[in-house]
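Novice: Chain by chain, the residues:
There are 2 protein chains.
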Amino acid sequence: MLENIRVVLSHTTHPGNIGAAARAMKTMGLQHLYLINPRHFPDAQASAMAAGADDILANARVCSSIDEALQGVVYTVGMTARLRDISIEVKTPREAMPLVVQEATSQAVALLFGTEMSGLTNEETGRSQLLVNIPANPDFSSLNLAAAVQVMAYELSVAAQSFVAQAPVMQPARHEQVEGFFAHLEKTLFEIGFFTTQNPTRMMQRLRRLYARARLEQDEINILRGMLSVTTEYNARLKNRYDQESS
Amino acid sequence: MLENIRVVLSHTTHPGNIGAAARAMKTMGLQHLYLINPRHFPDAQASAMAAGADDILANARVCSSIDEALQGVVYTVGMTARLRDISIEVKTPREAMPLVVQEATSQAVALLFGTEMSGLTNEETGRSQLLVNIPANPDFSSLNLAAAVQVMAYELSVAAQSFVAQAPVMQPARHEQVEGFFAHLEKTLFEIGFFTTQNPTRMMQRLRRLYARARLEQDEINILRGMLSVTTEYNARLKNRYDQESS
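Protein sequences appear in the order of chains A and B. Each residue of the first sequence is one higher than the one before, starting from 4 at the first, in the working numbering. Each residue of the second sequence is one higher than the one before, starting from 4 at the first, in the working numbering.
Just so you know, not all the hints are guaranteed correct.
What the hints assert, rightly or not - Stretch-level coverage of chain B by chain A, calculated; a stretch enters the list once three of its residues show a Cβ under 8 Å from a Cβ in chain A:
| id | stretch |
| --- | --- |
| 1 | 19 to 28 |
| 2 | 155 to 167 |
| 3 | 199 to 209 |
These aren't lab readings, by the way, just hints derived from the structure by calculation. From the three backbone atoms N, C-alpha and C, an ideal C-beta is built for every residue, glycine too.
Please model the entire structure based on the sequences and the hints provided.
Specialist: This is the structure we're talking about:
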């Protein structure tokens with residue numbers, strides 16, 4: 004199942020961390036590295052820190068957006084150093100990794116790491132179905148990026164070794180299907196005038212959290228998008244009638 | 004109990020690894036760093052990689068020998084990347100850390116990490132009561148030194164959080180008492196001529212493993228050393244009588 008797991012590093016500043024992360028991955032049997040707009044890559048420092056995990060770096064995919072990096076993924080696990088106020092579910096690595104292994108038996112899973120200084124953006128958090136926090140010293144909680152990759156990969160490897168397969172209970176939608184739904188939803192809410200009284204960014208974040216918990220299936224996305232289409236059509240008919248009556 | 008745990012890095016080559024190890028320790032609430040003959044320390048690269056764990060570096064104790072670094076320790080856990088052929092017990096971090104936490108409730112414990120290229124020497128292994136191996140990719144098992152410190156410190160922190168104190172079952176001897184016994188034993192075996200038919204180095208390694216499993220108590224060391232003293236005295240008396248009779 005480790006074959007289905009990708010490590011996604013977003014906007015990494017120090018190339019040495021990319022190399023050290025590749026080494027950490029390889030020691031635990033992970034091999035798929037995705038880099039979203041790394042500041043320097045390829046880079047000699049990355050290769051030096053990889054110390055033999057050069058194949059991981061050579062096969063790394065450099066992406067220009069998070070949606071490109073998550074293409075085809077059904078379950079995205081975001082790392083966070085903070086326990087956010089309004090938030091999607093936050094688990095420890097030990098709680099989370101058996102779930103990740105279960106998901107990865109049949110479909111693509113991503114472990115998403117933010118930039119060194121500030122972690123994941125709200126946009127990136129919003130694309131995660133689960134957040135993981137490595138419990139740490141409250142006075143000094145900032146793990147090095149590659150150290151966090153090592154802890155997660157280690158927990159994943161331990162979980163994979165004690166894994167017993169269970170029957171899949173659902174057919175979760177892929178990342179691009181979920182994003183298609185959110186785009187459709189946001190457009191519709193604009194059209195029907197919902198955002199005249201609501202902050203669109205804030206509201207979309209809350210809706211993302213709601214649907215992240217729900218883990219949408221493909222069929223459900225079809226149903227929801229059907230509802231959105233009908234809403235717009237109804238709205239268009241109303242507007243049409245209004246235009247006709249007032250002309 | 005984390006207060007009683009020291010991290011001992013032996014003959015570290017790259018100062019960046021010392022800094023990264025200090026950062027890994029601090030994120031998990033460990034603070035006592037001992038360095039045996041580091042190649043470069045203090046060093047700007049160590050400070051850069053510590054990234055805020057400067058207090059750990061400032062308070063680090065530089066030692067000139069392993070016995071100095073293990074002074075006062077009752078339980079030494081050595082890290083190994085290999086599963087040795089003739090060996091003392093080897094556990095996984097998850098198995099080992101609850102034991103470490105239990106020991107550390109009342110007395111000093113050391114986590115001992117060897118040099119980057121080759122790990123612990125036989126001498127260092129011989130001073131460990133337990134070896135720990137981080138299960139890794141058999142084709143690429145070499146974790147970075149600081150990454151190994153991070154995994155161990157993380158497991159220790161998780162174990163400490165779920166720890167329930169048990170009554171101490173024994174009073175283990177301190178490192179220097181155990182070493183005093185081994186020195187006495189070796190000297191005695193030389194005196195009685197035991198090593199004329201045995202390889203001393205090999206034999207002492209085997210005896211170290213035997214007594215590492217046994218976890219000697221202070222009283223037991225007194226008994227064993229008493230036996231050694233009597234043996235030597237008996238030997239001296241015999242020699243004396245022989246000298247007198249043959250004079």
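Novice: Please write out, lowest number first, the hints stated earlier that are contradicted by the structure.
Specialist: Checked against the structure, the only hint that fails is number 3, while the rest are satisfied.
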